[in-house]
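K.L.:
Each protein sequence line maps, in turn, to chains A and B. Residue 98 in the numbering used here sits at position 98 of the first sequence, and the numbers go up by one each step. Residue 228 in the numbering used here sits at position 228 of the second sequence, and the numbers go up by one each step.
Treat the hints with care, as some may be off.
Okay, the calculated bits of chain A under chain B, using three or more residues with CB under 8 Å as the criterion [said to hold, decoys possible]:
1) 72-85
2) 103-114
Between beta-carbon pairs, the in silico distance windows are [unchecked claim]:
3) V172/B / R70/A: 49 to 57 Å
4) E286/B / S126/A: 29 to 37 Å
5) S22/B / S298/A: 26 to 34 Å
6) A56/B / S137/A: 34 to 42 Å
7) G294/A / K123/B: 38 to 46 Å
8) R39/B / E303/A: 45 to 53 Å
9) G40/A / M196/B: 25 to 33 Å
10) S137/A / V91/B: 52 to 60 Å
11) E286/B / G274/A: 43 to 51 Å
12) I223/B / D130/A: 53 to 61 Å
13) S22/B / G294/A: 42 to 50 Å
14) T63/B / A121/A: 55 to 63 Å
15) D130/A / V25/B: 28 to 36 Å
It is worth saying that the hints were derived from the structure and are not from the lab. Just so you know, these numbers come straight off a predicted model, no measurement behind them. From the three backbone atoms N, C-alpha and C, an ideal C-beta is built for every residue, glycine too.
Chain by chain, the residues:
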Amino acid sequence: MGPSLEARALTRRFGSFVAVDRLSLRVEGSKCVGFLGPNGAGKTTTLKMFTDLIFPTDGEAFINGISVQRERKRALSSCGALIESPEIYGSLSPREALELVGALRGMDAREVRSRTDEVLAEVKMSEWADQKVGRFSKGMKQRINIASTLLSDPEVLLLDEPSTGLDPRGMAEVRQIIRALKREGRLIFFSSHILSEVVDVCDEVALLDKGKLLFFDTLSNVSARVSGGGVSVDAEFLSPLSDEVVLREIASVPGVGGWSRLDERRLSLTIVGGAGARSTVLAALASKRLGLVGFHESRSALEDVYLREISVGDSA
Amino acid sequence: MNAPTPTSVTPSEGPPAGSLGSVPVSWSQAVLMSRYQFRDYLRSRRFILMMGIVAAISAILITVVVHFRPAGIIGNSTAFYGTLWTSGVEVLIVFAGVIFGGDAIAGEFQNKTGYFLMGLPVKRWSVYAGKYLAAFAASLVTIGVYLLVLIAFGSTYFGAGALSLDLGASFVLAVLYLSALLGTVFLFSSLFKTSMYGVLIVAVMFLFGFTLINTLLEDLVGIEPWFIVTYADAVIGYPFSGVPHHTTRFAGVTSYAPTYVEGIAIMIGYFLWTTLVGLLLFEREEFT
Ligand SMILES: Nc1ncnc2c1ncn2[C@@H]1O[C@H](COP(=O)(O)OP(=O)(O)OP(=O)(O)O)[C@@H](O)[C@H]1O
Ligand SMILES: [Mg+2]
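Working from the sequences, and respecting the hints, build out all of it.
P.N.:
Structural data, given as structure tokens:
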């Protein structure tokens, strides 16, 4: 059996406010799952219950089938968690901090040393290995936190917005690290607001809103959900196009299911028929010499579904 | 909620993921943690501050002795160590407790260092015990340094031969008092999530609060304050002074002095109940 995470009717109230509402979710196997939801949806609260930082009002959380609430130490032994950008004792160096983590996890000293070099290189902090953490910037600290999460090569990774506080290059690096972490026997569960990041690295997505799970599905199913209605594409032109030209030259192209105007030089086209149709439409538009300068998906399928589901939740 | 169909991973190179190491028992984790915490203390500004306080107290006492040459003290090694050691160490223990322990638990919440430790496979009591041990060790270093300073100073009057078992016994009692005081400090520290409150309350209680309550109880109601930890600190001086009368009546006011057994029992009792309650509080505290 592969690694697994399970929430059983997990509930957390703060006073009368329900932050997480009877969340039931089971994730199993070697995969990467994106945990999405607007600000205040309850993502961090959920992950904190998975690591015993806070306690559920009701329900239970399991890591690899072991209850976090009943056997915290055993449950967390195969799990690496990064929640809320923790601080490391300022007088320690990254190497010392990782030494502590390794020792607490029962790794032997030689293993700790070689893994420390590896993970520090992975987060591009090798040259800072022996400086005091206290003087590091926020992003540098976050890199060390990521390194310490990876140190013991855990089967389950729980990451709460791991790229918070990182520069654009750092974000790309985190994405690359997560992608490299995907392998047989590992389950990665991470919350994020960056949908492109999720599309990039995740196999499945769970969407939480107001403490409730709206859906949990594979990314390919998510894309299938929207492709029925077509994908919308933004097309940008060198000079303004009249409605007449648009109707005659563009709306008639096979594959274009509809259009609307974004401004005088930009159109939003709905394309039905998947990637093949998109390619045909692009080729047709280019050949018409209308001055096409841009042609790109206006929103990812995930973004469409995200916005749709969240707004459904709002009107409910 | 329907479960999605499983997707295939695209495994990257390398062996399958598997957690390295097998997690050690909770006691050794506590000791491990205390080592790093202790290192943190030794490198911190608060340790320098503590050594500054040791230096200041030593300097004041030494200056007084050298300048006024009180006959009662420099003529008799028992009186010398009895007075200087006892008066100094009781103050130092309070300072060490406040400085090393005051924010030990609250600081984990306030500085967010707790999030670093608590995501690891450790029991909460290991963290508590680890921090306690580190604060204890740092305080022990503090009073140890003070003891060495006194011995060095004393040997200029009495030579090295004047050291007696009394000093050793008093040191042991001081260490016992330290453990009770730190237990209390940790309890206060786990009551709050803001370091300032813990530090402030501990400082106020140990520097005046307990003594005040002590005096009020004795003077006004005539009750023996056996339930107040500072009442027990008198026994630290007994190896030099001998055990005084348990109750003294003077001008209509009864004052109390603990017996050895009472004093030791109070210290052990305080260590136990404060640690127990502090641990229970910490077990239930949330990192929100
Ligand atoms: N200690 C607390 N006391 C009261 N309410 C809290 C507490 N912690 C969280 N909440 C509330 O619970 C809700 C969920 O918060 P949570 O931090 O889990 O959201 P999130 O999904 O992680 O949001 P974000 O994307 O902004 O990180 C919020 O409305 C928040 O106000
Ligand atoms: Mg959050």
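K.L.:
Honestly, do E286/B and G274/A meet the 43 to 51 Å range at C-beta?
P.N.:
Holds, since E286/B and G274/A (Cβ atoms, about 48 Å apart) stay within the stated range.
K.L.:
Take a look at whether the Cβ-Cβ distance between R39/B and E303/A falls inside 45 to 53 Å.
P.N.:
Given about 48 Å between the Cβ atoms, the range holds.
K.L.:
I want to verify a distance hint. Is the separation of the beta carbons of D130/A and V25/B within 28 to 36 Å?
P.N.:
The hint (28 to 36 Å, Cβ to Cβ) holds, given that D130/A and V25/B are roughly 30 Å apart.
K.L.:
Within 25 to 33 Å or not, the Cβ separation of G40/A and M196/B?
P.N.:
holds (29 Å)
K.L.:
Count the residues of the region 72-85 of chain A whose CB lies closer than 8 Å to any CB of chain B, then report whether that count reaches three.
P.N.:
holds (count 14)
K.L.:
Just tell me: holds or violated, for the beta carbon distance of S22/B and G294/A against 42 to 50 Å?
P.N.:
violated (56 Å)
K.L.:
Per the coverage rule (Cβ-Cβ under 8 Å, at least three residues), is the region 103-114 of chain A covered by chain B?
P.N.:
Held - the region 103-114 of chain A has 7 residues with a Cβ nearer than 8 Å to chain B, which meets the minimum of three.
K.L.:
Given the hint of 34 to 42 Å, is the C-beta distance from A56/B to S137/A inside that range or not?
P.N.:
Hint holds: Cβ distance 37 Å, inside 34 to 42 Å.
K.L.:
Would you say the C-beta atoms of S137/A and V91/B sit inside 52 to 60 Å of each other?
P.N.:
The hint (52 to 60 Å, Cβ to Cβ) is violated, given that S137/A and V91/B are roughly 41 Å apart.
K.L.:
Check the following: the C-beta atoms of G294/A and K123/B are separated by a distance inside 38 to 46 Å.
P.N.:
58 Å Cβ-Cβ, so the 38 to 46 Å window is violated.
K.L.:
Given the hint of 55 to 63 Å, is the C-beta distance from T63/B to A121/A inside that range or not?
P.N.:
holds (56 Å)
K.L.:
Taking 53 to 61 Å as the stated bounds, is the beta-carbon spacing between I223/B and D130/A within them?
P.N.:
holds (58 Å)
Violated hints, in rising order: 3, 5, 7, 10 and 13; the structure is consistent with all others.
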